[in-house]
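S.K.: When you get a sec, could you build the whole thing from the sequences and use the hints?
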Amino acid sequence: MWFRHTRSLGLLVLLFAAHVAAADDHLAVIVPPSRTAQLTVADVAQIYLRKRRYWATGEAIVPVNREADCAVRAHFTRAVFGGEGRWLATYWNRQYFRGVLPPATLASDAAVKRFVASVPNAIGYIDAYAVDGSVRVVLRLNRR
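Take 3 as the starting number for the sequence shown in the numbering used here and just add one per residue.
None of these hints come from the bench; they were simulated from the model.
Computed from a prediction, not measured in an experiment: that's the story for all the values here.
Each residue gets a CB set at the ideal place from its N, CA and C atoms; glycine is no exception.
Only true hints are included.
Simulated restraints on C-beta separations:
hint : residue 1 : residue 2 : range
1    : W89       : T38       : 29 to 35 Å
2    : D134      : G101      : 32 to 38 Å
3    : N95       : G60       : 28 to 34 Å
4    : S120      : R54       : 21 to 27 Å
5    : A109      : G87       : 15 to 21 Å
M.R.: So this is what it looks like as structure tokens:
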């Protein structure tokens with residue numbers, strides 16, 4: 003009898019580990035729960051390049067990034083823009099002289115999640131495992 007319980011417990015542990023591993027393979031692009039938009043990778047790229055600046059409702063989009071040397075941001079850059087995104091520094095230098103500023107940066111998934119949850123027009127990205135009911139996922143990005 004104890005063998006059956008041990009085997010069931012082992013199966014549950016394996017299933018949980020697989021769920022955690024699957025969540026770790028993704029980033030979540032998040033918005034406040036009240037936002038109903040669905041976004042594609044192309045939409046997110048346009049938003050983060052500040053080429054798309056307004057939601058369909060006419061409200062200004064407020065994108066936030068993670069800090070430049072963060073692994074989450076590196077994965078986001080690869081998933082959304084392809085490659086390492088070295089061209090982004092040149093892009094933003096040019097945009098700066100046109101009066102267009104890059105998205106603000108925040109230092110942690112928790113900070114991004116709090117900001118997005120509290121600012122009705124915000125959009126951000128975090129590790130998928132950090133998602134909770136305070137935000138809504140509009141797009142999942144594979145880390146690979």
